[in-house]
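Trainee: Given only the sequences and the hints, what does the whole structure look like? Please build it.
2 protein chains.
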Amino acid sequence: MSSQIDTPEKLIESLAMAGRAAQRMLARASDAKKAGALRAAASAIREDTSAILEANAEDVSAGEANGLSGAMLDRLKLDGDRLEAIAVAIENVASLPDPVGEEIDRSQAPAGMTLVRRRIPIGLIGIIYESRPNVTADAAALCLRSGNAALLRGGSEAVHSNRALHAAFARGVESAGLPADSIQLLPTQDRAAVGAMLKAAGLIDMIVPRGGKGLVARVQADARVPVLAHLDGICHTYIHAAADPAMAKDIAINAKMRRTGICGAMETLLVDAAFPAAGDVLSAIADAGCELRGNSRAQAIDDRVKPASAEDWDTEYLDAVLSVAVVDGLDDAMEHIAAHSSGHTDAIVTGDDAAAERFLAEVDSAIVMHNASSQFADGGEFGLGAEIGIATGRLHARGPVALEGLTTYKWQVLGQGQARS
Amino acid sequence: MSSQIDTPEKLIESLAMAGRAAQRMLARASDAKKAGALRAAASAIREDTSAILEANAEDVSAGEANGLSGAMLDRLKLDGDRLEAIAVAIENVASLPDPVGEEIDRSQAPAGMTLVRRRIPIGLIGIIYESRPNVTADAAALCLRSGNAALLRGGSEAVHSNRALHAAFARGVESAGLPADSIQLLPTQDRAAVGAMLKAAGLIDMIVPRGGKGLVARVQADARVPVLAHLDGICHTYIHAAADPAMAKDIAINAKMRRTGICGAMETLLVDAAFPAAGDVLSAIADAGCELRGNSRAQAIDDRVKPASAEDWDTEYLDAVLSVAVVDGLDDAMEHIAAHSSGHTDAIVTGDDAAAERFLAEVDSAIVMHNASSQFADGGEFGLGAEIGIATGRLHARGPVALEGLTTYKWQVLGQGQARS
Chain A
1 MSSQIDTPEK LIESLAMAGR AAQRMLARAS DAKKAGALRA AASAIREDTS AILEANAEDV
61 SAGEANGLSG AMLDRLKLDG DRLEAIAVAI ENVASLPDPV GEEIDRSQAP AGMTLVRRRI
121 PIGLIGIIYE SRPNVTADAA ALCLRSGNAA LLRGGSEAVH SNRALHAAFA RGVESAGLPA
181 DSIQLLPTQD RAAVGAMLKA AGLIDMIVPR GGKGLVARVQ ADARVPVLAH LDGICHTYIH
241 AAADPAMAKD IAINAKMRRT GICGAMETLL VDAAFPAAGD VLSAIADAGC ELRGNSRAQA
301 IDDRVKPASA EDWDTEYLDA VLSVAVVDGL DDAMEHIAAH SSGHTDAIVT GDDAAAERFL
361 AEVDSAIVMH NASSQFADGG EFGLGAEIGI ATGRLHARGP VALEGLTTYK WQVLGQGQAR
421 S
Chain B
1 MSSQIDTPEK LIESLAMAGR AAQRMLARAS DAKKAGALRA AASAIREDTS AILEANAEDV
61 SAGEANGLSG AMLDRLKLDG DRLEAIAVAI ENVASLPDPV GEEIDRSQAP AGMTLVRRRI
121 PIGLIGIIYE SRPNVTADAA ALCLRSGNAA LLRGGSEAVH SNRALHAAFA RGVESAGLPA
181 DSIQLLPTQD RAAVGAMLKA AGLIDMIVPR GGKGLVARVQ ADARVPVLAH LDGICHTYIH
241 AAADPAMAKD IAINAKMRRT GICGAMETLL VDAAFPAAGD VLSAIADAGC ELRGNSRAQA
301 IDDRVKPASA EDWDTEYLDA VLSVAVVDGL DDAMEHIAAH SSGHTDAIVT GDDAAAERFL
361 AEVDSAIVMH NASSQFADGG EFGLGAEIGI ATGRLHARGP VALEGLTTYK WQVLGQGQAR
421 S
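Line by line, the protein sequences are chains A and B. For the first sequence, UniProt numbering begins at 1 and goes up steadily by one. For the second sequence, UniProt numbering begins at 1 and goes up steadily by one.
The list makes no distinction among identical chains, and a pair is therefore deemed to hold if it is satisfied within one copy or across any two copies.
Straight line, CA to CA, 30 angstroms or less: simulated BS3-like cross-link-like pairs of lysine-lysine:
1. Lys249 x Lys306
2. Lys10 x Lys213
3. Lys199 x Lys213
4. Lys77 x Lys213
5. Lys213 x Lys306
6. Lys10 x Lys199
These are calculated hints, taken from the structure and not from any lab test.
Mentor: Encoded structure:
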């Protein structure tokens, strides 16, 4: 970094210009070249195993000294297996089909020209993330695969791990003949630099925050650059009167308890008053170790259901806690969801196809499910091969976003000399 | 309006809540119902012809008294023919296919669920426009056709015309059984209310500014709501060495002179030094009444070419003025375009397919053309049936945007009881 870069804004401008210059080369790079660069990045990470693990040990010691929670330390910690998983994940992204150049559609203009819409990279993507160092490699791989440059800003807790991972990744990219600036890591942990990233409209094309609600909320509040994100995952499962009791129980337990800390975990169960096996389902969830908080009708079903407060219906517990409401039919359920869902994932369990169809059509969330666990809300589970994040905004891309969501398109107009009359 | 609405923010919140409530009904309305509402709106406008023309006469008198330019008065003025054209345009939108519910793609998840991506409306669209009252009807029709509610804010010069048009439109919509609040017109010309619209993230889903550069620049600078727009149309035409001379001349004259005031008009002509008929082309453009401003090599071709200043290459003239540069080959041309294009529409004229292919792939504009006039940059000319605007941003929709660009999508997951392992 030159000593002339004396403000966060100038730093970000300088990094963004370098990233944009690299991106112009990435935009033209062939499928094989980009895939090769990712495979080289994976190899470089394997070569640097000991350096990366040493850097990570430094972060972990500092985290222990600074009193990081056990969960945060676990997210931060790398070992040989986790590093190998990071390298394999990069190789998996390398084997995904290249979205760039794909023809979206083709038509004929009234004046005779052929019109082709074709996918192109978005440009420079900013990634702002917290303690998981694997995001450094994951996000870099997805951006590069789709022809985008990335400007990464990881959390202070993982600063040494991120630098070591980034150095290996960039060396691999460069060894394959693509610019090292394709993937840049912010050289400072100064929070003002994050602020400057968020304001860098026209320099950074999109920002993806990866982390807890505090981070996402700050990014959404302050950004002038478009943000791809979800804030909350307040996911509902509605057990309709015509649900198969065994299926309803399996799905409810899985949706809540498989992993309670992920954004697709169910936070509220809506049970139809006409569903005959509500007692079984609630009892099984409580037996699985989940605290239940419900409306009075839910409390009447199982005495382990504690009273829910008004806030419970709008709370993402990310824990073994579940809000439960007994509702009167599909409309009542959909009204509850419209009032309390965060628009992430909402599911119905029913054997009644007409009810399912209405739910799938009328519930306005990024993902709506019929007879499946909301824990499937994930790019890998959707067959996308990976994900940069899950979006609940209305524009561009929604739900799990992978390579396609990291592209935009251009119109190519193929004429034979047409002038407009 | 209730007297409790005492701040611009509260006014916008109240209008947005009413619009969002109406939109939930629109989202479920059938194709036939939405088309019927538009036909009823067209009929209501025809019924109200004399009221609308009277209101318009009031605006025109006020405009004359306030010294509006002839061009502005012409944009403002309605007559029987123009009003009939507005009604016909609404009927044309009614006959476009309904984008809502369209299946984008369908796949199978690894765990066996069927995944369907299906188009849905975006929600509430804010339209901020200037003196053309026809935008009131055009924008309202496109929003309603795609299941979106609209909040319209027209220019003060057209306030009576807009109110009369809006009243007729809303009456038609209501007579067809859809909520009148589907299409709302801001009841005040207070500029603070525009500011409140721009900040209403979460209440208004997207804003489309329609008007001059000043309006678009203000909206882009101040908005916290996503904006679909283009600021400039600095469009280039590059005549390659292997261009057919007659075709090059026709396209250049058409691209510049057919209508100089539209965003797709050519503003800069790049002529390859190896193109043999540069003199003919420049002479024909000058003969057509266009002022030419060029680099020294362009001045050497025709003595009517005046020297171009540095600003000329970044100027959208919207007039019979053209910048001309002689360039050395495709790379030189693309470098000029990368430095000066506004990313709207850029064209190459050539008989060399390899050169065309590189240009179409590497020029990073929303629209790239081969052997066609940039004046075709228009939703109607692209066969979209209409357009809400042309976008040069990187996300969501680019180029001419019509009904598809007014939709987003949801994921529908159709399971058979799957729980995630």
